[in-house]
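In order, the protein sequences belong to chains Y and E.
Using the UniProt record's numbering, the letters of the first sequence map in sequence onto residues 1 to 309.
Using the UniProt record's numbering, the letters of the second sequence map in sequence onto residues 1 to 321.
One or more hints might be untrue.
What the hints assert, rightly or not - Stretches of chain Y that chain E covers, calculated by requiring three or more beta carbons in the stretch to come under 8 Å of a beta carbon on chain E: (1) 88-95; (2) 108-116; (3) 143-156; (4) 217-227; (5) 237-245.
It is worth saying that the hints were derived from the structure and are not from the lab.
The beta-carbon is built from N, C-alpha and C at its ideal position, and this holds for glycine as well.
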Amino acid sequence: MTDRNSTIETDTSNDVPLSATPPRVAPPRSSSAAHRTGGRRVGDRISALFSTGLTRIVLVGLAAGTIAPLVFMVFKSLTKQDGTNAVTFDAWAAVLNGKLPQAGLISLQVSVIAILVILSIATLAAFGFAKLSFTGSQPIMATIIVLMLVPGQTFIITEYFNFSHLGLIGNIPAVGVLYGVTQIPFATFILTNFFRAIPDELVEAAIIDGASYPRVFWSIFLPLARPAMVTVGVLAFIGVWNDLLIALLFLPTPGSRTLSVVMAGAQDTRTFDVSQVMAGSLLSAIPCIIVYVIFQRQIAVGLTAGTGK
Amino acid sequence: MTVDLRRAPAEKAVAWRRSPAGPPRASQKRQTVIRQRQYWGRLFVLPAVVLVSLLIIVPSIQGLYYSFTNWNGRSATWVGLDNYINGIFLSPDFARIALNSVCVVLSVPFGVALSVIVANLLANNLWGRAWFRGIYFLPIALSWVVIGITFAYLLSGRGPINGLLSSVGLGMFSQDWLGGETSALISIILVFNWSYFGINVVLLFTGMTTADASITEAARLDGAHGVKMFFNIVIPQVRRYVELCLILTMAAAITSIFALIYTMTSGGPGVSTTTLEYALYTRSFSLGHFSQGAAFGILLFLISLVFAVVRLRAGVKADDD
Chain Y
1 MTDRNSTIET
11 DTSNDVPLSA
21 TPPRVAPPRS
31 SSAAHRTGGR
41 RVGDRISALF
51 STGLTRIVLV
61 GLAAGTIAPL
71 VFMVFKSLTK
81 QDGTNAVTFD
91 AWAAVLNGKL
101 PQAGLISLQV
111 SVIAILVILS
121 IATLAAFGFA
131 KLSFTGSQPI
141 MATIIVLMLV
151 PGQTFIITEY
161 FNFSHLGLIG
171 NIPAVGVLYG
181 VTQIPFATFI
191 LTNFFRAIPD
201 ELVEAAIIDG
211 ASYPRVFWSI
221 FLPLARPAMV
231 TVGVLAFIGV
241 WNDLLIALLF
251 LPTPGSRTLS
261 VVMAGAQDTR
271 TFDVSQVMAG
281 SLLSAIPCII
291 VYVIFQRQIA
301 VGLTAGTGK
Chain E
1 MTVDLRRAPA
11 EKAVAWRRSP
21 AGPPRASQKR
31 QTVIRQRQYW
41 GRLFVLPAVV
51 LVSLLIIVPS
61 IQGLYYSFTN
71 WNGRSATWVG
81 LDNYINGIFL
91 SPDFARIALN
101 SVCVVLSVPF
111 GVALSVIVAN
121 LLANNLWGRA
131 WFRGIYFLPI
141 ALSWVVIGIT
151 FAYLLSGRGP
161 INGLLSSVGL
171 GMFSQDWLGG
181 ETSALISIIL
191 VFNWSYFGIN
201 VVLLFTGMTT
211 ADASITEAAR
221 LDGAHGVKMF
231 FNIVIPQVRR
241 YVELCLILTM
251 AAAITSIFAL
261 IYTMTSGGPG
271 VSTTTLEYAL
281 YTRSFSLGHF
291 SQGAAFGILL
301 FLISLVFAVV
311 RLRAGVKADD
321 D
């Protein structure tokens, strides 16, 4: 934090002598005083009003552009496609009576298993790395974190054949575990950083008082880690729920297809019914949208985890 | 494993015993504590190490090995660099595939630049802020499948975008956007950047609002405003966030837009929207050239590595000055 501030200060001080404005140490000028008291000239006020208006128009326009496809989906899913645009729930009824609810259940199973794997395995590992350092713990942690760089594509083909040899293609729990493990490096990274910020004295005091390490983990650190676990869990849910590649390859059998796989396949079929496809897309997006509405802040925190120190 | 486990505390214990300051009873207690901690540390980390080794490290090494072989899923014969040279770099469609990937990646800085500008507008605007934030960030909850299906329909020959064009008198531009080689690639690039635009706006906005407000205020009192304020004060303050957005979005462009391409164009027409990532899928699972797919996987890893090194360098540089 401090180096960033100093960077900015040197940047501005380099810049000021080049420009025509008075030096930084100048006493408060009348114009800036006028700004604060609101005694601006008419021209200033008009240009301020203009820029505020322009800002708002741009922001509204972009918001409309962002949300337009979603609004369009809602509209298409609720109207007749015969040119009358009459409101109808036929598409939703057809989708809810089709194979999507079953696929949704599979998506849910896979996501829940993945989240359980991530949270249990990564919190344990993070506690070990952050508070119970042992000979060789640093290189092992570095290796796990470096695995964040390995894209899934690097191992997906061989993984596919390994699963295939073990007869695990189409096996929902096994694929849930696979999803979970692919996110363990990221989760361990976040949770280790989180645990490191908690003072070591908390562990030592509890141990001196006679608690065991598992007890310290379970009763002290796990409750403290809840915010970080929520962030990791939410990101994992969105990632797994929305993934296509692994589901497409590892869950290809009719009884094990996830929502993404069914939706991606629905588009290919000759009986392309716009209303139904839009209703299905919305249905598959609704759980994530709900999670998003509740946990918006945690998602942003998780994505910016790499920036802070 | 067990030998290793006991050695370090034993050495420490000897050191304790020799030192005149530490009473023997305390040192013994301390030794037990250290041994306990090491033991539990290993045990806590073990499940992660086992799972990650089995499901990430081993298959990655297998992938590296098979990329040097001719492999049909059962038997493999060593062919050296053949998959890389003849399978990837000299294959007739590689130039186009690489170009597609490069185009998507190079579009990212433009998208992020737009995001920085809009984030700055948002940070200077209190009116409806939470609403804008909520709406801009929403695409993060939408899957590529949903986005791809929707835009494939919007951009189709009889889709609403062509309808919109004809209704404003630009009917001569209407076309099957995903049917032409160039227009399909441009469509993918635009949809990709559309999806990341709002996410980047919100991340940058977070950076701008958590930055030290006193610096901005001081600059304002010194007469900085408008464009000058933006480049000299705002950008340096959120530099880390800009880097983060660039890296996140570029990494996504390289390794995670498979589903978008799959649902919008299936890589076509021809290979005009096939990226390196998508080629890995078609080579392996459409054409059955699994070892070429494995080679593409290694190539993608090397690209990710280059990105990481660039990011690390940038971070070190930022810390230095």
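Unsatisfied constraints (hint numbers, rising) | 1, 2 and 4
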